[in-house]
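Chains as they are written, first to last, in the numbering used here: chain A, 1 to 221; chain B, 1001 to 1075.
Since the hints were made in silico from the structure, they are not lab data.
Where is the CB? At the ideal position from N, CA and C, for every residue including glycine.
Treat the hints with care, as some may be off.
To be verified - Quick partial rundown of chain B residues pointing at chain A, CB under 8 Å, derived from the structure:
(1) Ile1013
(2) Pro1016
(3) Gln1017
(4) Val1021
(5) Leu1060
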Amino acid sequence: MRFGVLQFPGSCDERDAIAACGRVGEAEIIWHESTDLSGVDAVVVPGGFSYGDYLRAGAIARFAPAMEAVTRFAADGGPVLGICNGFQVLCEAGLLPGALLPNEGRKFLCRQVDLEVVSADSVWLGATEPGQTLSVPVKHANGRWFAPDQTVDALEESGQIALRYAAGQNPNGSTRDIAGVTNEAGNVMGLMPHPEHAVDAALTGSADGLEIFRSPALATA
Amino acid sequence: MKARVLIRPKEGILDPQGKAVERALPALGFEGIDNVRVGRLVELEAEDPAHLESLCEKLLANPLIEDFEIEEIEA
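Sequences are here, hints too, so could you generate the full structure?
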């Protein structure tokens, strides 16, 4: 499994994403001006502050040449994972439902949270079971996922709610404690928490994030 | 033309920035100010105003969470 990790000006988690992907396969950086995803089996859009997050987080990055390639890649069923700023970019690009708003409490948050797997049907959670808990850090200021009630009802119905913050641990006021969602086909997933920062138990106390990076290989096997 | 685009959080969506401003006011002695909402103002000059609406929908605002108004300043 070969991962391509996007890098925009202002990305800051691409190196940890490369390291995480490198534990389960091979990984390379895809510069934001590149449209070449040949030889890449899965794409990770990492965290950071792409293009300074000017206007709204992710609003400008969605027009990057690399994102045109990612949109085609996703339409062909290629696995795409958006983490934090990457999640914001995928929502702005219309590849995922909803939008990310400033945290309810306005503060930048940095803490470990427990996530509950809601649906394991997607390409990115195949290594997990519904109800499983993953311990992963969050670090964001604009992480309050929002969609209108009607949309959220439909997403719950179709199994597109992938991850929730465990009871009492919603850090940002996101709608119905939702931490991660998928597209309808299940090949694109976005989440605010950072699985790439939880791949080495000795370093960060949890290696639960690896389950996510392990999953696409299982889907294609 | 010269235009001004006013972008604001949609009604019903919590605006933590507005809340923070609202809560700071009594400390400065300004009483009786409620429902503060903070938006964004974008000024621009457009050769062809026909595209303004779509430009706002695609980039300047996210219609899921924000409303926008285009105001012509100068033809």
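Going through the hints against the structure:
no., hint, result
1, Ile1013, "holds (7 Å)"
2, Pro1016, "holds (4 Å)"
3, Gln1017, "holds (7 Å)"
4, Val1021, "violated (11 Å)"
5, Leu1060, "holds (7 Å)"
The structure fails hint 4 only (numbered hints given earlier).
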